[in-house]
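Enquirer: The hints should help you fit chain S onto chain R, whose structure is shown.
Protein chains: 2
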Amino acid sequence: MIFIFSEMKKTDGLVKNAIGKLVPTEVNGKPVVPYMGVGKYRPQGRKYAQLISTCADYPSDGNKLIPSLKEALIKSGLKDGMTISTHHHFRNGDLIAVQIFDIAAEMGIKDLVWYPSASFECHSPLIKYLEDGTIHHIEGSMNGSLGRFTSKGLMKGVGVLRSHGGRYQAVQDGDVHIDIAVIASPTADPFGNANGVDGPAACGLIGFALADSEYADKVIVVTDNLIPFPCIPWQIQGNNVDYVVQVEQVGIPEKIVSGTTEVTKSPDRLLLAEMTAKFCDQAGIIRDGFSFQAGAGGTALSIGIYFADILRDRGMKARFARGGSNKYLVNMLDEGLLEFILDGQTFDLDGVKSMRENPNHVNTSPFTSYNYHGKGNFAQLVDITILGATEVDLNFNANVVTHSDGVLLHGIGGWQNCLFSKCTILPIPLFRDRIPVIRDEVTTICGPGELIDVIVTERGIAINPLRKDLIEKLKNSDLPIKTIRELKDEAEKICGVPAKIEFEDEIVAIVKWVDGTVIDCVRKIKQK
Amino acid sequence: MIFIFSEMKKTDGLVKNAIGKLVPTEVNGKPVVPYMGVGKYRPQGRKYAQLISTCADYPSDGNKLIPSLKEALIKSGLKDGMTISTHHHFRNGDLIAVQIFDIAAEMGIKDLVWYPSASFECHSPLIKYLEDGTIHHIEGSMNGSLGRFTSKGLMKGVGVLRSHGGRYQAVQDGDVHIDIAVIASPTADPFGNANGVDGPAACGLIGFALADSEYADKVIVVTDNLIPFPCIPWQIQGNNVDYVVQVEQVGIPEKIVSGTTEVTKSPDRLLLAEMTAKFCDQAGIIRDGFSFQAGAGGTALSIGIYFADILRDRGMKARFARGGSNKYLVNMLDEGLLEFILDGQTFDLDGVKSMRENPNHVNTSPFTSYNYHGKGNFAQLVDITILGATEVDLNFNANVVTHSDGVLLHGIGGWQNCLFSKCTILPIPLFRDRIPVIRDEVTTICGPGELIDVIVTERGIAINPLRKDLIEKLKNSDLPIKTIRELKDEAEKICGVPAKIEFEDEIVAIVKWVDGTVIDCVRKIKQK
Numbered sequence: 014m015i016f017i018f019s020e021m022k023k024t025d026g027l028v029k030n031a032i033g034k035l036v037p038t039e040v041n042g043k044p045v046v047p048y049m050g051v052g053k054y055r056p057q058g059r060k061y062a063q064l065i066s067t068c069a070d071y072p073s074d075g076n077k078l079i080p081s082l083k084e085a086l087i088k089s090g091l092k093d094g095m096t097i098s099t100h101h102h103f104r105n106g107d108l109i110a111v112q113i114f115d116i117a118a119e120m121g122i123k124d125l126v127w128y129p130s131a132s133f134e135c136h137s138p139l140i141k142y143l144e145d146g147t148i149h150h151i152e153g154s155m156n157g158s159l160g161r162f163t164s165k166g167l168m169k170g171v172g173v174l175r176s177h178g179g180r181y182q183a184v185q186d187g188d189v190h191i192d193i194a195v196i197a198s199p200t201a202d203p204f205g206n207a208n209g210v211d212g213p214a215a216c217g218l219i220g221f222a223l224a225d226s227e228y229a230d231k232v233i234v235v236t237d238n239l240i241p242f243p244c245i246p247w248q249i250q251g252n253n254v255d256y257v258v259q260v261e262q263v264g265i266p267e268k269i270v271s272g273t274t275e276v277t278k279s280p281d282r283l284l285l286a287e288m289t290a291k292f293c294d295q296a297g298i299i300r301d302g303f304s305f306q307a308g309a310g311g312t313a314l315s316i317g318i319y320f321a322d323i324l325r326d327r328g329m330k331a332r333f334a335r336g337g338s339n340k341y342l343v344n345m346l347d348e349g350l351l352e353f354i355l356d357g358q359t360f361d362l363d364g365v366k367s368m369r370e371n372p373n374h375v376n377t378s379p380f381t382s383y384n385y386h387g388k389g390n391f392a393q394l395v396d397i398t399i400l401g402a403t404e405v406d407l408n409f410n411a412n413v414v415t416h417s418d419g420v421l422l423h424g425i426g427g428w429q430n431c432l433f434s435k436c437t438i439l440p441i442p443l444f445r446d447r448i449p450v451i452r453d454e455v456t457t458i459c460g461p462g463e464l465i466d467v468i469v470t471e472r473g474i475a476i477n478p479l480r481k482d483l484i485e486k487l488k489n490s491d492l493p494i495k496t497i498r499e500l501k502d503e504a505e506k507i508c509g510v511p512a513k514i515e516f517e518d519e520i521v522a523i524v525k526w527v528d529g530t531v532i533d534c535v536r537k538i539k540q541k
Numbered sequence: 014m015i016f017i018f019s020e021m022k023k024t025d026g027l028v029k030n031a032i033g034k035l036v037p038t039e040v041n042g043k044p045v046v047p048y049m050g051v052g053k054y055r056p057q058g059r060k061y062a063q064l065i066s067t068c069a070d071y072p073s074d075g076n077k078l079i080p081s082l083k084e085a086l087i088k089s090g091l092k093d094g095m096t097i098s099t100h101h102h103f104r105n106g107d108l109i110a111v112q113i114f115d116i117a118a119e120m121g122i123k124d125l126v127w128y129p130s131a132s133f134e135c136h137s138p139l140i141k142y143l144e145d146g147t148i149h150h151i152e153g154s155m156n157g158s159l160g161r162f163t164s165k166g167l168m169k170g171v172g173v174l175r176s177h178g179g180r181y182q183a184v185q186d187g188d189v190h191i192d193i194a195v196i197a198s199p200t201a202d203p204f205g206n207a208n209g210v211d212g213p214a215a216c217g218l219i220g221f222a223l224a225d226s227e228y229a230d231k232v233i234v235v236t237d238n239l240i241p242f243p244c245i246p247w248q249i250q251g252n253n254v255d256y257v258v259q260v261e262q263v264g265i266p267e268k269i270v271s272g273t274t275e276v277t278k279s280p281d282r283l284l285l286a287e288m289t290a291k292f293c294d295q296a297g298i299i300r301d302g303f304s305f306q307a308g309a310g311g312t313a314l315s316i317g318i319y320f321a322d323i324l325r326d327r328g329m330k331a332r333f334a335r336g337g338s339n340k341y342l343v344n345m346l347d348e349g350l351l352e353f354i355l356d357g358q359t360f361d362l363d364g365v366k367s368m369r370e371n372p373n374h375v376n377t378s379p380f381t382s383y384n385y386h387g388k389g390n391f392a393q394l395v396d397i398t399i400l401g402a403t404e405v406d407l408n409f410n411a412n413v414v415t416h417s418d419g420v421l422l423h424g425i426g427g428w429q430n431c432l433f434s435k436c437t438i439l440p441i442p443l444f445r446d447r448i449p450v451i452r453d454e455v456t457t458i459c460g461p462g463e464l465i466d467v468i469v470t471e472r473g474i475a476i477n478p479l480r481k482d483l484i485e486k487l488k489n490s491d492l493p494i495k496t497i498r499e500l501k502d503e504a505e506k507i508c509g510v511p512a513k514i515e516f517e518d519e520i521v522a523i524v525k526w527v528d529g530t531v532i533d534c535v536r537k538i539k540q541k
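As they're listed, the protein sequences go chains R and S. For any residue, its number in the numbering used here is found by taking its place in the first sequence, counting from 1, and adding 13. For any residue, its number in the numbering used here is found by taking its place in the second sequence, counting from 1, and adding 13.
Any given hint might turn out to be false.
It does not matter which identical chain is used: a pair holds within one copy or between any two.
To be verified - Distance condition first, Cα-Cα at most 30 angstroms in a straight line; then the derived DSBU-like pairs of lysine-lysine: (1) Lys60 with Lys231; (2) Lys231 with Lys141; (3) Lys488 with Lys435; (4) Lys92 with Lys60; (5) Lys513 with Lys165; (6) Lys231 with Lys537; (7) Lys88 with Lys53; (8) Lys435 with Lys88; (9) Lys231 with Lys53; (10) Lys330 with Lys366; (11) Lys88 with Lys60; (12) Lys60 with Lys43; (13) Lys88 with Lys29; (14) Lys435 with Lys231; (15) Lys513 with Lys34; (16) Lys268 with Lys165; (17) Lys481 with Lys495.
Honestly, the hints are just simulated from the structure, not real lab data.
Isolated chain R, as found in the complex:
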């Protein structure tokens, strides 16, 4: 399964996909399928299947301990061109990913593909390995410094951006073959059962590593809290694990909590939150037994608090909340305003504690929640999903990966997957740093407008014309319902029409849709 990459970067042979973007049909030497529209691509063939293992090849006492990560990587057959996966539950406190590539570089290994579920600033030391050829390219989010590096065209291969669900889909379908998965685990037993709720580096869950554990050729569990069998709960199953490595520290707990986890104090954002909550209420979505997903940003947290207030006032409760958990969601669960948290990623230590102690705070995975190539997923069952965006166009198409300067700075996360909820709302400021957010065209299309129902800005709310039901429900509202064009004109009246960003032709990354097709690509920025 080792692949020798072509050195060519695609700048020609592009085709126009169903959303009108020019995309390549081959990336890093492998064919890719252009986006065909929501639900239009029919997957062919069977899921990826691992070679059959036998207990005869594993220690009869079940003890899979190996003295060091290096030895485990060597035993796993680490060599040029392999794909190595890691998960991001430690967020900016991950201590393992960089170590893997330190070892690989020391061994003189070249052309690896890093397949993280997301990257953080703590991974910027990997830039030297992208420069010296240890790593050929990254398939996963290229955030911050890694994003800037990619945008400058400095990565040897083409980056591949996928949603959390798309990452599971790619592994399940065999689009990405993981040679070695390294699963940093806050607690594990010598058999390889592992979880994220216990131990000094507890991060809640490790569900982003599920696909890796199920489909990788070799699976290494790394832990700093080795306990006797059985490790309960086993979020990762030892029956899928080849080797277990004990290390001093697997993650920095203080840095697991990252991103905004406090309710916003900005008056503009509080206004956005209030308008969003009012919109949901007037649309009749907030009712006994409803469900929602809100991110960890300050605005989203504030919306959650509005939802809690409404539920408390009316003696109602929500059936479930999906998404990253935090102390606000945990408070709702504890107060009985919420029956279940279906949690894909804990954002603070209150979330970790709640998952450990409350059986109604349930760990999930991209398989349950987001995989589009399954028999349904949880995201589509959510009544209201609150998401962000860097840009939105007049057709409601939205961008989450590139900034107004064209630089790749964010991963997709679960954003694309969440668009399948029953009502997707983007509460966004009308402009950021005097640059309007609503554009004729977004720099990078990450999600098709037909799945984005409502844009809430501080100066008005635009409902997607496809949602005639919502337009009807809100027709007598006191909320400032406007068209998206009105919002755009208003922003441009204040800030002027934003200048077009200039790019080179060279494609530095592609953006995959939830079904594995290519919805857009990111080009090299013009150096000034």
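Expert: Using the frame of chain R, we list chain S on its own:
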């Protein structure tokens, strides 16, 4: 994947396998591999892989409800020659399996294969469908009436007996392709998440249906307790489910509890239990943090009570117990003599309640516990396993499927899988109904003697000569340690040498080893 069975029953073309038994190389028109020895067979190729699904083919609101089982079977494409699977967690209280074949017969479907995880007397109505050709043969246990029917050579095809782990292995490896899995579930939501701990027919867990949910082409969840999404815990994941059917009653709770669930009062069996416990103690196996698996029979229950007494007296506790749970095991957990129950099958309602309420009473599956074609399994981690047998030979080979009259009356259950524990003990009476249990040759070899360490009888204990460590440890014991030949001679002195059972040449069933190879076969009994 539809297969037209050859009408030929194998009586020729047999080969001698590694344990000296003549076995066929083709069964029901498919090639099979003769047993090659413990750990000797190397599986080739990849696991079975399902066709890739897409959410586009499933209801966008996640509601997979279908009005009736018949409609669900029709939507699943039920047709001649298909393999239909069910699980046996309801034991003798199952209400669904017979319904499936009632529907199939009504539709005129022929030559189905029934692939249950076990059968019970409640399934004897299926005999009429074996007679009229609706069912071609059974791959699973053929107990009681179904066993007698099979032994008479009345089943159209050849039965295939597998252990619980072998059943998972067969599905995972693609040896058995399940067309339609029907998963009777005490609780489920419309998305298909399901569990066994809640609802009027709660049976604890439904882990025997895990392989079915993961690998079958179509998966139907049938429940009498439909709750709003999410069904927590989801022992079966809705993401693997095609259709959900609500019925009035899915199982009879009173009949879920079946088999012996009371401690024995028989003085002989109490003696066996006491001797076994003493043996374990003198062998140094009962120590702080040890683990054990004991079945649900009266003797096994009594042994558990002896273990509890020893632990309590010495202020020690066991780390985990594997296997079916019952009130005695639950009491040990509650009393703190046991840290975890890793439960594959609840044998009484105390077990069900404990699994529902105690997070240290964990549901498992044949994947975690028994699958030999994984990267290890739990069975091998158990310090002491107590099992039964109908016959044992001088090489410690044992039989669990046929009786002294040669009739097929039992399934293998987890018996073969449990042989991989660190010490396997069979406490068995020296004779039953005046027929010696220790024989020159057993009627059917289900497990190779090299994995069976100790035979405990009321008149003496035989240690397998391969276990020099145990022989050494017990050399000064006050227990009646004898050779297995001494035990056999003693029995024959009392009961005489048992007459040889006469069989026809015709093979009515084969017995698979944990790796899918054929260890022995069962022949048609001579009608008198």
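Enquirer: Hint by hint, say whether it matches the structure.
Expert: Hint check:
| no. | hint | in the structure |
| --- | --- | --- |
| 1 | Lys60 with Lys231 | both (18 angstroms within a copy, 15 angstroms between copies) |
| 2 | Lys231 with Lys141 | within (26 angstroms within a copy, 49 angstroms between copies) |
| 3 | Lys488 with Lys435 | within (20 angstroms within a copy, 72 angstroms between copies) |
| 4 | Lys92 with Lys60 | both (25 angstroms within a copy, 24 angstroms between copies) |
| 5 | Lys513 with Lys165 | within (18 angstroms within a copy, 84 angstroms between copies) |
| 6 | Lys231 with Lys537 | neither (35 angstroms within a copy, 46 angstroms between copies) |
| 7 | Lys88 with Lys53 | between (43 angstroms within a copy, 22 angstroms between copies) |
| 8 | Lys435 with Lys88 | between (47 angstroms within a copy, 27 angstroms between copies) |
| 9 | Lys231 with Lys53 | between (34 angstroms within a copy, 22 angstroms between copies) |
| 10 | Lys330 with Lys366 | both (22 angstroms within a copy, 27 angstroms between copies) |
| 11 | Lys88 with Lys60 | both (27 angstroms within a copy, 22 angstroms between copies) |
| 12 | Lys60 with Lys43 | both (18 angstroms within a copy, 24 angstroms between copies) |
| 13 | Lys88 with Lys29 | neither (45 angstroms within a copy, 38 angstroms between copies) |
| 14 | Lys435 with Lys231 | between (39 angstroms within a copy, 26 angstroms between copies) |
| 15 | Lys513 with Lys34 | within (16 angstroms within a copy, 80 angstroms between copies) |
| 16 | Lys268 with Lys165 | within (28 angstroms within a copy, 69 angstroms between copies) |
| 17 | Lys481 with Lys495 | within (14 angstroms within a copy, 85 angstroms between copies) |
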